[in-house]
Amino acid sequence: MTMVRLSELAMGQPGIIEDLDAEEPFRQRLQALGFRIGKQVRPIRQALFGGPLQVQVGSVNIILRRHDAAQIYVWAEC
Amino acid sequence: MLKRIALLGMPNTGKSTFFNRLTGASARIGNWPGITVDLLGAKILLGGDLVEVVDLPGLYDLHGFAEDEQVVRRFLQSNPVDLLCIILNATQIDQQLPLALQLCRLGLPAAVVLNMADEAERLGIRFDPVALAAGLGSPVGLISAKYGQGCAEARDTLRRMLNQRPAADTQALQANFAADDALIAEAETLLARAVTMPRMLEAGLSERIDRIALHPVLGIPLFFLALFLLFQAVYTLGGPLQDGMAWLLEHFRDWALLPLQSILPGWLYGLLVEGLYDGLGTVASFVPVIVLFFLGMALVEDSGYLSRIAFLMDALMAKLGLDGRSFVMLLMGFGCNVPALMGTRVMRSRGLRLLTLLIIPFSLCSARLQVFVFLSTALFTSSQAPLVLFTLYVVSFLTAFGTALLFKNGLGSTEPLLIELPPYRLPTLKQVGLRGWREVHHFLSRASRFIVAGVVMIWLLTHLPPSAAVGGSETLAGIFGGWLEPLLQPIGIDQRMAVVLLFGFVAKEIVLGAMAVVYGLEGDALAQLMTQQMDGVQAFSFMLFTLIYTPCLSTIATLRSESKSLAFTGVSIGWSLALAWLLSFLFYQSARWLGY
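Those protein sequences? They're chains A and B, same order as listed. Our numbering puts the first sequence at residues 1 to 78. Our numbering puts the second sequence at residues 1 to 596.
Hint data in this document are derived by calculation from the structure and do not stem from the laboratory. Because the structure is a prediction, the values reported are computed rather than measured. Here a beta-carbon is modelled for each residue, glycine too, at the ideal position from N, C-alpha and C. A hint or two may mislead.
Some, not all, of what chain B presents toward chain A, calculated at C-beta under 7 Å [claimed, not checked]:
1) GLY47
2) ASP49
3) TYR60
4) LEU162
5) PRO221
6) PHE311
7) PRO416
8) LEU418
9) ILE419
10) GLU420
11) LEU421
Far from chain A by the CB rule (all over 10 Å, computed), these chain B residues [said to hold, decoys possible]:
12) LEU2
13) GLY24
14) THR196
15) GLY281
16) ARG348
17) VAL440
18) LEU444
19) TYR519
Isolated chain A, as found in the complex (with noise of 0.2 Å):
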C-alpha cells in the first residue's frame, strides 16, 4: 500500500481516504458529500481537455477538478 493523491489513481483503482489537505471551507464541503478518512474512494472518468474527475466515494458520484483532487490522500494498493 502507498499513500497517493487521489489525481493519481488510475480510473477504477480504489483507495482508501486518509488524509483531507485543504483549507476549511473546503475541506466541510468534502466532508459534507462524503469524504471522510478511512471511507472508500474510486475515480470512474476524466473530462476531456484537462476537465473534472468523476469520483464515486461510498453510493455518492462526486466531480472535482484535479487539482483540487490533488489535495486527497489516499492508501492504494501498489
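Assemble chain B onto chain A, guided by the hints.
Same frame as chain A, but now just chain B:
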C-alpha cells in the same frame, strides 16, 4: 434536578431554526464541563418542568475526527443528558440516517425529527414514520421548522419522553459504537422498509446512461443535440399557445374594450386600450414561451442532467475564469435572463458569482429572439434568415466568453468545483410544474411592474405633445431619438429606430409594439414597411446592437439585487453599451466598405 435535552444533527439541517422555535428568545451562550467551546443553551418550560436545551455543534459522524465531532463526544461523556433530540434533513434522509442510527444506539433516550418535510414532499419522498420509529427505536416526527409545521407535536413528544424515562447517568452511557459498515447496511435495510424515494433509476442504469452522456467524444455533441431538441420542443409547443393567447386577447379587445371608445375621452381610451392593453398584450402573448423555458430548465435540473453538463463544459469554463455551472446558467439565460441570474446564488465565491452575472445578460433570451425572428423574416430571404439567427446566437456566446476572458483577472473564481452527480431521476409532471410555476410567478410579478410602467411610458412619450403626429419626430420620443441620432448613425440606425431602442431598454418584448407605434403599422404591414425603411446591413447592425446593448429592466433590477452592488450594475451596463456600439460599428462600416 434540571433535565437536559441535547439537540444534534448534521450541519444544514435547520437545527438552529428548530432550536429557535423550541427556545424562543431565551437562548444564551454558555460553557459546559468537559469542553472548551461555548454552546448555545436555553431553559424552557416543558409541561410544567424547567428543562435545559443545548444546541450541540453539527456533526457528520460520531466517530469523526473533526473538531465539532470531538466536542459532541466530550460533551456527552461529561454532562448527563436525559434526551437526545436528533434532527435530520428529510430530503437527504438516505445520507443522514446512518448518523441517526449511530446516535440512537448510544443507549440514551432519543427522539428523531425529520425537518424540511415540506420540501421532501415536494420532491416526492414518502415516509413511513412507524417503520422508521421501529427501526430506530425512537419516536419519529415530521416537521418544517421554517414554517412551524409539526413543531408543536415535536415539543409534545419531547415532553412525553422526558416524563417517561428516568434521568440518565453518564456511566450508563455505553460506548457501544457499532462498526460503521454494519451501521450503513442496517440503515439501508431500514430505508428500504420505511422510506419511498421518488423514482430514481438504479445506480446501474444511471451508470450506463452516463457512459453515453459523458462519453469523451459523443458527450458534448449529444448535449448540443439535447439542447436543440429542447428549443425545438419549446417553440413547437409555444407557437400555437402564443397564437391562442393573441387570439384571446384580440377577441377580448373587440368584444369588451372597443365599445369603450364611445364612452371614454379620447386620450384616456388611447392610454388604457392602445397603450396599456395593447402593450401588455404583446408581452402577455409571449408568456407561454417563457413558461415553457422555465419548465424545460426545471426538467433539466431535476433530472440530474444539469451536473453532467457542468462536467462536460467545466474544462473550457475554467479557462475563462468560470465554472461548469456558469455555463449552465448561461444556457438558462437563453430562455430568460432573470432566472439564470437568480441561479447564481448557489455559487459561494463572490468573484465567480459576479463574473457569471456579468456574462449572463449577453444570452440571447426569448424576448430578444422575438424581435430577431420578426426582423430577419421581414428583411432576409427564407434561406438567409436562419443563418442570420444562427450568427446572432454565435455572437451571443462569443460576447459572453469574451467578456469573461477580459474580466476574469479582476473577478475570477477561487471556489473549487465540487458537485454531486446524482442518479438520473424521472421528475413527475407535478414536480416540474410546481417548480416551474413558482419561478415563473416570481419572475412575472417582478417583470410586470416594469413592463406596465414601460408601455405607459411609450404611449405617453409617443403621444405628447398632443399637437405632434403620433410616433413622429416632434413627440417627446422623437426628440430623444433625435438626440441619439448622431451617435447611432455610424452604425446604421436612424432616428425612428433609435426611439425603438429607447423602449427596448424597458423590455425587449416591447420593441415590436414600439415599432408598431412609431411606424403606425403592425404585423405584415409593418414587415412590408421595414423592407423599405432599411436594408439587410442596417437590419443586422440593429439586431447586433439590440442583442448586446442592455438587457431589459427586469434583468437589470435582478442584476442589482443579486450582486448587491450599484457599481457593478453600472459597470455591466456601461460595458454592454460600449461593446454593442463597437461591434455594430465594426460590422456596419466594414459591410458598407465592402460594398454591401
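Worksheet item: Which hints from the list above does the structure break, by number from lowest to highest?
Response: Failing hints, ascending: 1, 2, 4, 5 and 16.
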